[in-house]
Every structure is written in structure tokens, then in C-alpha cells.
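**Q** The listed protein sequences correspond, in order, to chains A and B.
Sequential numbering from 71 applies to the first sequence in our numbering.
Sequential numbering from 71 applies to the second sequence in our numbering.
No wet-lab data here; the hints were simulated from the structure.
Hints should not be assumed to be uniformly reliable.
Since the list gives no way to pick one copy over another, a pair counts as held whenever it fits inside one copy or between any two copies.
To be verified - Here are the simulated BS3-like pairs of lysine-lysine, each with C-alpha atoms no more than 27 Å apart in a straight line: (1) Lys249 <-> Lys289; (2) Lys282 <-> Lys128; (3) Lys327 <-> Lys116; (4) Lys485 <-> Lys457; (5) Lys373 <-> Lys128; (6) Lys128 <-> Lys371; (7) Lys285 <-> Lys138; (8) Lys469 <-> Lys183; (9) Lys335 <-> Lys320; (10) Lys485 <-> Lys327; (11) Lys455 <-> Lys290; (12) Lys128 <-> Lys466; (13) Lys249 <-> Lys128.
The structure presented is a predicted model; accordingly, all values stated were derived computationally and were not measured.
Number of protein chains: 2
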Amino acid sequence: MITKKDIHKDFTEKIKVIDGGICAVSKVEVAGVRDGKYGVSIIVCKNSDVVGVFTSNKVIAAPVEYTKNTIENGKLSAIIANSGNANCFTGDQGVFDCETTVEIVSKIFEIPKTEIAIASTGVIGRKMPMDIILRLINQTSEVLENSNNASINAAKAIMTTDTVYKQASVEVTLENNQKVKIGGICKGTGMIAPNMGTMLCFIATDAIADQKTLKESLKKAVDDSFNMVIVDGDESTNDTVLLFANGESKNSILVNKVNDSNIDKNFQEGLNVLCKDLAKQMAKDGEGATKFIEVEVRGAKSKSDAQIASKSVVKSPLVKSAVFGGDPNWGRIVAAVGYSGAHIDPDDITIAISSNDNLVDLVLDGEILAFEGTDNLENAESIMKEKSIKIIIDLKNGKYNAIAYGCDLTYDYVKINAEYTT
Amino acid sequence: MITKKDIHKDFTEKIKVIDGGICAVSKVEVAGVRDGKYGVSIIVCKNSDVVGVFTSNKVIAAPVEYTKNTIENGKLSAIIANSGNANCFTGDQGVFDCETTVEIVSKIFEIPKTEIAIASTGVIGRKMPMDIILRLINQTSEVLENSNNASINAAKAIMTTDTVYKQASVEVTLENNQKVKIGGICKGTGMIAPNMGTMLCFIATDAIADQKTLKESLKKAVDDSFNMVIVDGDESTNDTVLLFANGESKNSILVNKVNDSNIDKNFQEGLNVLCKDLAKQMAKDGEGATKFIEVEVRGAKSKSDAQIASKSVVKSPLVKSAVFGGDPNWGRIVAAVGYSGAHIDPDDITIAISSNDNLVDLVLDGEILAFEGTDNLENAESIMKEKSIKIIIDLKNGKYNAIAYGCDLTYDYVKINAEYTT
């Protein structure tokens, strides 16, 4: 969740955190119903413009293929999502089940099939339990509404190994002082994984926007949020992020500028804030996680250097184990930066860790400050006891920054993934 | 260790497994002495030709920098290696300690400093305990000999988190029927890590070879062995592999061929076998490992496709956890291949697992054969109970193969790395 404290730190007064999740956007009607490990969420959003981002895994689930085609025409009126079965590696049967599902939803809501997106998450390689799914679709379709509770139910119905539901919503004051809202729900343990860890995210806005503008805006937001979350580096066959705009606010985010983006910069900030908040919620809920890790790399020679260096650290099993053990192990951090491929000079590297308002230097310009007997090490060790830890690395090599999000590596991560059987 | 069984499977009759470790090569005198967590190994090999391969981490330990320079002239007469301290991130003091160490060894054995290589493994960011190291050097220098026991002691003295010493040796019948020997020792938990997991490997041969030939031969061997071992993907600041030839056999591995490699192909096979065996010993000894995993990718479009796909699977925390849990989770294998970046067609993918002489298909041409209730799943589950598991993936996409080596992800891996404190 975005807290007041985050607001002051993380974004401008143009962005206001509001309630409602995906239903913060008017006219968006949703519902979610669960039955044991299966769940169905339906989002109705007639005549919206839509864009999507999907997994880059070469093994792609049937619903992802289906939805990619659906949204090509740019129109969306409903999303049908299920948990419990990913409908992946299911051959022709999987495609047939997608079509059946969409046909039912099309009939119930009198929506053309070409305007319905479908998403699935759960076990792969098993046929969809269509009897259960269709029953849940009927139950869900009867309780649609535009309310915070409905958004929460929709968020809950797509949970798999998630331990908490995830939603966020903001109100943005555009450059022309008009207001628009953005709200979303998502699921994902941060563990981008082939079984239960898929990330699904559905974001609504009441702004007026053409597909090209939405696509550009979503890509920017995803690059700095969902693409920077790593729990174990495994990537799902079902990852799906959809952003749709229903224009209810009557306010457009398309601004005509010369030599500049055509997207209202406050809208972009709002979407970034929303996606980062959802990304953090996923990392915090990483399988077996006891601690949230944020790795900020500053002073990189390029944006990509900042990204690979921060991801390398947040992904390192050694760093993750050290955080679990409460060990401010700067050596593992330095080494992870060293093998990341980013341009670095070890003699310039500066590393600090912080939590809440405490901050302590571990390494300054290549010189170790936190060794046995120093206050720095003592302070570092107390910071490592916190639940949320930020590692800040300054490469002093350029002007580019990036932040990666992750969590610690714990006994429970191994337990969950060793004992889970197909 | 290489067993008779492996011999039939893995290599031709031109290669014969022999005893002796690095001392299988005559005139190579070695010794190793430990004192608690510290140890020193000395290898004396006067007037040898030498080549090396080193870590690609941008943070490099002082001894690695030093040895890179030393071996540039191509001559080696001694190697001094220590465990317990990596002499990395130690600034000018680290360089000074290298020079002091080499100077002592130079005096003791009357060897020019320019022919002495130095290697360290252990904690990084701490000054070398020179008093202890120098005392151990003196003790070690008094017990040098050419024997299997001496090789074992040298292998033991460089161990850190290793639970077993690692050595191997073979006799090769060259294309011209002359014989040469190759022997080596190494340490490394397979976990290429910044703290205790560094890999050090010293290989001797009595063949006659110029530096260019040795370099080409070592690179080929390392690419298919040490570069294919992954425990957690972290890479050390100290990794060092040295190959030296003392010519004692009087037989040369340099053959003059037109349009072909100048290296005797049997020698190359022998060096490959030796390095792969040492690589497997490291993977089996991976931190916290209970199971050895071999991932063979066949039918890849390119060598690099075969390498990235096999490494992606052996590195996947989900696959590693599944192996620990005894779960034949083909879904995680498919997904790891899918995001590896290799060219694949999911409809062609074929996956089998084997152990000893049992082999069972999990997926055949994209069709799942191991699902609930099938004999395949039952057999797969019994294979997964074995200590050594081979995953074979045929991409049916080309003619290139690669094998990656690793181990399972266990509670002990997390324990070792969470509780280890700098």
C-alpha cells in the first residue's frame, strides 16, 4: 500500500493516493469468487481503449496468445481471469477452452468476443477444470459492482501463492489541472515462476487516451516497476499486464508538444507510482520472504548499467541469504555488482544500507568502513534486523539511476518450492 | 572421481584414469599444511610453460592481478596458494602482501620472482594474516614431495567450505601412440561466490607444449567444464585456473596439421575429461547440496544456445528446489528453457530424466507423458529419489549439445549463507 510517508518521499503533490483499487475508476464493474484453489475474476469496462505487456518467455500459455490477438484492435469491454490453472502447455484443448470461456462471457454480458481479454494463473500442463471455471463465471457475473470491496474480491480471486491481495489507486492532477484516476489490482509472489507465481495486473484509468499514447506510457511504467522485481529470476509463461482507458473523466492525457513526449507528464508519474507500488507489494509477498529488499544503484554510466547492477545485487542468492541472516555483507554486494557486467571502478564504489530513517556507510570510495569493531558495522547489523532494507550503491561513474525490488532467500522459499508437487 | 563406468560412457580408450592427482606428473613436487581455517599449498614445477584462466568479475583480488602479470612471460616454477583469506578489496596492503609472499617463496626455492604464481581464497575485505601465512609457508616448504599423498595434502590445504578434497589424473595415448600424463587439484564448492566459494585449480602435464597451444587447449577444456558449473550463479573475485607443462615426458602435443587444430586431439580429450571430472566434483560438493544435477541440452541451433539453455535449467532456483523435493517438475524445466533466450519451439521440445541406467520421458515433442496416474510420472518420481540426476532436453532444432553441472537448492544452502558472517 502507498502510505502518506511514501507520498512525501516518492512523488509530487500532483499525485494523490485514493481508495477503491481498480474501482476507483468509475463505470468499471468487477467481481471475484473463489472455490478452494480456483478463483475467477471478471472486470467489465465497456468500450475502453487497451494495451498490454506480456511474458517474453518463449513458452506461452494459451490465454496469453489469445489476449495478444484480442487487444490488437485496441478495444476492450471485459477481462476474464482465473486462478488455479494456467492453461499452459495444454495444446489444442487449451485454445478451445479459451474460446469456450470467452464465448460464455460474451453471451452473459452481450459483449463482442473480440473485446474480451482472458488471463490464467496456476499449475501448467493440466487441462482446465472447465466445469468449475464456468460455474465460477456464472456466480461472479451476478455480483459485479463498482466498489472498493468488489476490487478487493477481484484481487483475492486471482491469488495463488499470494498471501495478501494487492491493489492500488491514485488521482492525478494533469498539467492542465484537470483530474484523472488510475486504479489497479494484481497478483504475483514476485516469484516470476512457471507454476504458481505468474504475475497478472489489470489497470484502469478514466482518462481519454489513444492506444499509441497508452502503449508508450505503460511501457515506461513497467520498465521501472514490474521489470525490476526479482525474487528468483524465473519467468512465467503467463505474465500479463493490461492497461485500459474508459474516458469517463472526459479528460485527455494526450498533449501536443514539440520535441517531447505526447503523454501528460503527471499522468506518467501517476502510472509509475501505481506500478511501483504494486511491484513492491509483490516483492514483499515473495515466496517465503521475511524481508523486503530495495537496491538503488546511482551514478551509473548508462540506464542499462544501473538496471543490470541493481538487479544483479537483488537477485544474488548470497546477498539474499545474507539479508535473511541479518548480515551486512558488503563483500557479496560488491561482487554482485562486479559480475553484473556494468562499468565499474572498484576504487569508486560506495555502498550504504538504510532502513526507515537510519543510514550507514559500508564502503566509501572503495574503502571499507564497516569492519569488525567499528560503529558502522554495529549500526549496519541493527539496520539488517529491520523488515525493509534499502541497499544504496553509488558507482560514481555517470548520472543514471535504477531501483530493483526483491526479498530475502529463506528456508520457507525452499520448503514451498521443494514440497510443491505437480 | 572418474569411475570405470564413466570411462565406458564418457571417453575413449585413449584416456586412462590413473592415481596421483597433480603428482601423477613426474618432477612436480607439492605439499599442503593447514592451521585451522588457514592453509597453504606449494607446487614446485621448475621451468614449466604456463597459461591461466581467471575470473571475469570486475572486482579482482590482488593475487589474481599479480599472477596475470607473472604468467605473461609464459614461465612457471612455483605456485603458492592460501586458503582462509582471499586478499581481495585490501588496497595497496594486499599488493604488498602478495609481493612479500612471493619474495619469501623465491628465496626458499631459489626461483626468480617472475616465475611464481600466487592464489588466495577465503574472506574478502580483510588484511592477510601474514604471520600465519608465512609460518605455514615455511612448514609447507619442508615437506614437498612427488606423491599421491602430497597431492591430497595440497588439495586439502586450499579447501574452504569444501567438504572433500578434489583431484584427478589421467594418462593419454597421443595420436602418435606416445604417452603423456595430466594431473590436477582444485577447490571450490561449485558456488562461485565472493566469500568462501572461489574456485582454484592447478593442472600439470608432462607434455611438451608451447604457450599458444596450451592456451588454446585450456580454453576449450574450461568452456565445457568449469564454465558450465553453476550452484548459485554468483562469481568469485579470485577464480584462477592454471595449466603448466614441464615436458618431462619428452613428448609433444603440438602436431602440424593443415586446416586443423595444432593440438593432439587425444590430449585435448584427456584435458577435457580431467576438467569435467573436477567440475563435477565441485558441483557435487556445492554448498548444502544433497543431489548432483547434470543438464544435457541436445539438438540446439548453436553451441551458445545449448550452453545458455542447459545453464538456465541448472541455475533455476525452482528446478533446484524441485530436485531437492524429489519432484520431476517438467513444467519448471520447460519454463527455464523458455526464458533462457535459446531458439526453441515448444511443440518440438522433448525432456527425459535419468539416473544410473534408468531413463524416463517426461515430455515428448511438446506432449506431456508424465502426468498424474501415468507410469512415466511414477518412474520419474523414483528416479528423482537418486543422489545423481541427469535431465536431458532435446530441442530438435539443430546439431549442438552442451552439458551443465549443478546441485539442488536446500535448507542447508540457505543456512550456510545466512549464518556465515563477515
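**Q** Up to 27 Å between alpha-carbons, please classify Lys327 paired with Lys116: within, between, both or neither.
**A** neither (30 Å within a copy, 74 Å between copies)
**Q** Could you figure out if Lys455 and Lys290 sit no more than 27 Å apart (CA to CA) within one copy, between two copies, both or neither?
**A** neither (34 Å within a copy, 46 Å between copies)
**Q** Classify it for me, Lys282 with Lys128: is the Cα-Cα distance of at most 27 Å met within a copy, between copies, both or neither?
**A** Within one copy only: 25 Å inside, 41 Å across.
**Q** Within a copy, between copies, both or neither: where do Lys335 and Lys320 come within 27 Å Cα-Cα?
**A** within (18 Å within a copy, 75 Å between copies)
**Q** Could you place Lys249 and Lys128 in one of the four classes (within, between, both, neither) given a Cα distance threshold of 27 Å?
**A** The answer is neither: 40 Å in one copy and 49 Å across copies each exceed 27 Å.
**Q** Check Lys485 against Lys327 for me: Cα-Cα at most 27 Å, and say if that holds within a copy, between copies, both or neither.
**A** neither (54 Å within a copy, 56 Å between copies)
**Q** As a check of your reading, is Lys285 near Lys138 (CA-CA no more than 27 Å) within one copy, between copies, both or neither?
**A** within (13 Å within a copy, 50 Å between copies)
**Q** Checking an output row: Lys249 and Lys289, CA cutoff 27 Å. Within, between, both or neither?
**A** within (22 Å within a copy, 62 Å between copies)
**Q** Since the copies are identical, ignore which copy is meant and state whether Lys128 and Lys466 lie within 27 Å (CA to CA) inside a copy, between copies, both or neither.
**A** between (37 Å within a copy, 15 Å between copies)
**Q** When no copy is named, should Lys485 and Lys457 be tagged within, between, both, or neither for a Cα gap of at most 27 Å?
**A** Cα proximity of Lys485 and Lys457: in one copy and across copies (21 Å, 19 Å).
**Q** Between Lys469 and Lys183, at a C-alpha cutoff of 27 Å, which is it: within one copy, between copies, both, or neither?
**A** neither (48 Å within a copy, 43 Å between copies)
**Q** With identical chains treated as interchangeable, where does the CA-CA distance between Lys128 and Lys371 reach 27 Å or less: within a copy, between copies, both, or neither?
**A** between (31 Å within a copy, 15 Å between copies)
Figure legend: structure checked against the earlier numbered hints; hints not met, in rising order: 3, 8, 10, 11, 13.
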